Amino acid sequence: MTGFVLRRLALALAVGIAVSMLSFALVRLTGDVATAIAGEGARDEDIQLVRQTYGLDRPILVQYLAWLGELLRGELGTSYFFKSPVSDLVLSKLPVTLILGLSSLLFALVIAVPLGVLAALRPDSAVDRLALGIAVTGQAMPNFFLALLLIMLFSITLRWLPVSGSGTWQHYVMPTVALGYYVAPAFMRLIRAGMIETLQSDFIRTARAKGLSRSRVILRHGLRNALTPVVALAVVQLGYLLGGSVVIETVFALDGLGYLAYQSITHKDLPVMQVVVLMLSVIYVLLTLFADVLNAYLDPRLRAAM
Amino acid sequence: MSALASSDGGAEPLPVLTPGSPGRPTSGARWWRHKSLVLGGGVLAVIVLLALFAPLLAPHDPYVQNLARRTIPPVWYDKGSWAHPLGTDALGRDYLSRTIYGARISLLIGVSVAVLSGLIGTVLGVAAGYFGGRVDLLVTFLITVRLALPVILVALAAVAVVGGSLPLVILVLGLLKWDRFVVVMRSATQSVRSLDYVQAARASGASTARIIWREVLPNVLPFLIVTATLEAASAILLEAALSFLGLGIQPPLPSWGLMISEAKPYMFFSFWLIAIPGACLATLILSINLLGDGLRDAISPDRRAAT
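For the record, the sequence lines run as chains D and R.
Each residue of the first sequence is one higher than the one before, starting from 1 at the first, in my numbering.
Each residue of the second sequence is one higher than the one before, starting from 1001 at the first, in my numbering.
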C-alpha cells in the first residue's frame, strides 16, 4: 500500500508540474498578451509600456520560473481588472464554488442511488424505463438552457426563488439542480450495472439461502458492494463539477470561482485567469489522487494493477 | 486508474471489450436498443437534411434585419403570422430561417471536432495499446494531464485571448477533446493485439505499419465510430455553452447557443426566443446520443443488459 501511494504521489506531482506549465503557456502562446491588455487601437509606446510593467519582455522560461516561484511563496500577483491581490480574490470566491459543487454532487446522488437500485432490481420494468429516460434526456439538455427554464418557472412564474446573486441558501437551489442533474446519469448507470452484477454473485445467493430478508440482502450486501466504485466516481465528478461551474455561476451571477473566471476571461485579466485554471486543475489532481488511494484501500485488487 | 475511467464529459461508461458482463439481453432491452438506434438515426437524418438543404427550406435570409418587424411571436400565438412561422428575433430576423441555418453550425462543429480529436486520439491510443511499455506510460501521462485541465475554462480562455470564430472554436475543442478517444482506442488495440490473426500477420513477417493499418485499425474501427458519435454530441454542447457565454461563435452567425444568449434580455416577454434553439439543441444531442448508444450495443452485445 505504501509503495502504491508513493508511486501515485509521484504521478500527481508530475501532472501538477505539467498543468502549471500549460496554464502558464495558455495565455502566452495563444497571442500577444501585451497587445490584448493595452486594448484595441493602442499606440506602440503603450504596448511597450505594458510589456515592461508586467515583465512580458523577458524570455518565456524566465517568466515561467518567476511565476512558479511566486506561486510557491503564495504570491499570486495582482488582478489587472479588480486591482486587488489574486490570492484574496480567489480565496474569497472558493467557498461558494465548493458549496455549489458539493451540493450538486449530493443532488445527483440523491436522484441516482434510489433510481439505480430500483432499475437494477427489475430490469426492463417501468421503473427501469423511467430511469433510462431520465438519464438519456438529462444528458441531452444543455445545462444553461435548463438553468433558464428553471429561472422562468421558479423565479418568474412562481416567484419562489431569486434569479441571481449568492446571499442566501435559496440562491443555491437552481444552480445546484442545473449543475447536478448532468452527472446523475453516470452514477445511475454505474449503480445499476454494479447492482445487477452483485445480485448475481455467489455470496448474495448464499445470503438469501441463509434466510436473510430480501431488503437486508439488497441493502446490506448488494448496495454496499455496488457503491464501492461510486465513491471514486463521486470524487472525480466533484472535480468536473468545480470546473464546469463557470457556465452555471455566470447564468445565476453566483459569485464563486467560476463567475470570477468568466469575469477575468472577458476582461483579459491574465493573473486571475491563470490562477483559477491552475487552481481547478490542482484540485482535480488532488481529488483523483484521493480517489485512487481510496479505491485501492476499498478494493485491494486495484493495488496490484497500478 | 480512476482518472482514466471518467472523462470531463463525465457521463458515458466506456465500451468494454471483455466478454462476460452479467445478464442476458432480455427481449425488452433488445427492442429498446433497436428502437434507440432507429429513433436516434431517424431524427438525426432529418436534422442533417434540414441543414444540407437550408437555402431551399428557409423562408427568408437568416441575416436580413427588419427593424419594423421585431420580436414577432410564432404562428401559434395570437399575434403570430405565417410570414414568420417561428416569429422574428429582436433584430427582426426570421427565426425559422436562423434556426434551420443554426443546424449547419452545430453539425459542422460536431463533425469537425470529432474528426480532429478522433485523429489525435486514435494515433495516441493505438500507439499506446500496440507498443505498450514506455509509449503507453507517456500516453497515459498525457491523458492524466489533459483530464486535469477544466475543458470549458481553457477553451474560454483560449478563445478570449485570440478572439472567437468558427475555425478557432473547432481547433480549440479538437485539441482538447481527444482524451476519451485515447482511452477507448488504447483498450481496443490492447485486446486486438494479442489475437491470433495479428500474431499470424506478425509471424508471416508483416511490418508494424502494415499490421496496424491492415489488421488493427479495421478491427478497432467500430469503437472509433461509437466514440466519435458521442464526442460529437459533447462538442456541440460545449460550442453552445461557449457561444452562450459570448466567447464562441460570433454574431451574426446563427449558432443555437448564441441565439439563446442574444434572447436572454427578452426572456421575460419572449420566451420562445430561448425555447426554440434550446429545444433544437436538446433534440439534436438526444438523437446523436441515442444513435451512439444503439451503435455501441450493436457492436458489443454483452453490454446490452448491463447498461
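These are computed hints drawn from the structure, not numbers from a lab.
Just so it is clear, the structure is predicted and the values come from calculations on it, not from any experiment.
Ideal placement from N, C-alpha and C gives every residue a C-beta, glycine not left out.
Be careful, since some hints might not be right.
Derived pair list, reagent style DMTMM-like, types lysine to aspartate or glutamate, alpha-carbon separation capped at 25 angstroms [as the list claims (entries may be wrong)]:
#1 Lys1264(R) to Asp128(D)
#2 Lys268(D) to Asp128(D)
#3 Lys1035(R) to Asp128(D)
To spell it out: a stretch of chain D is covered by chain R in this simulated footprint if at least three of its residues, at any positions, have a beta carbon under 8 angstroms from a beta carbon of chain R; those stretches are [what the hints assert, rightly or not]:
#4 8-15
#5 263-273
Stretch by stretch, here's where chain D covers chain R in the computed footprint (C-beta under 8 angstroms, at least three residues) [to be verified]:
#6 1140-1152
#7 1155-1166
#8 1241-1248
#9 1259-1271
#10 1276-1286
Outcome of the hint check:
For the given pair, Lys1264(R) sits about 36 angstroms from Asp128(D) by alpha-carbon distance, which is inconsistent with the 25 angstroms threshold. At most 25 angstroms may separate the alpha-carbon atoms for a hinted pair to count; Lys268(D) and Asp128(D) exceed this at roughly 48 angstroms. A hinted pair counts as satisfied when its Cα atoms are at most 25 angstroms apart, and Lys1035(R) with Asp128(D) qualifies at roughly 16 angstroms. Given as covered by chain R, the segment 8-15 of chain D passes the check, having 3 residues with a CB less than 8 angstroms from a CB of that chain where 3 are the minimum.
Only when three residues or more bring their CB closer than 8 angstroms to a CB of chain R does the claim for the segment 263-273 of chain D stand; here the count is 4, and the claim holds. Only when three residues or more bring their CB closer than 8 angstroms to a CB of chain D does the claim for the segment 1140-1152 of chain R stand; here the count is 9, and the claim holds. Judged by the Cβ-Cβ criterion of 8 angstroms, the segment 1155-1166 of chain R is covered by chain D as claimed, because 6 of its residues qualify and three suffice. Coverage of the segment 1241-1248 of chain R by chain D holds. Counting CB-CB distances below 8 angstroms, 5 residues qualify, and the rule asks for three or more.
Look at the segment 1259-1271 of chain R against chain D: 5 of its residues bring a Cβ nearer than 8 angstroms to a Cβ of that chain, three or more, so the hint holds. Three residues within the 8 angstroms Cβ limit are the bar, and the segment 1276-1286 of chain R against chain D gives 6, so the coverage statement holds.
In the structure shown, a violation is registered for the earlier hints numbered 1, 2, in ascending order.
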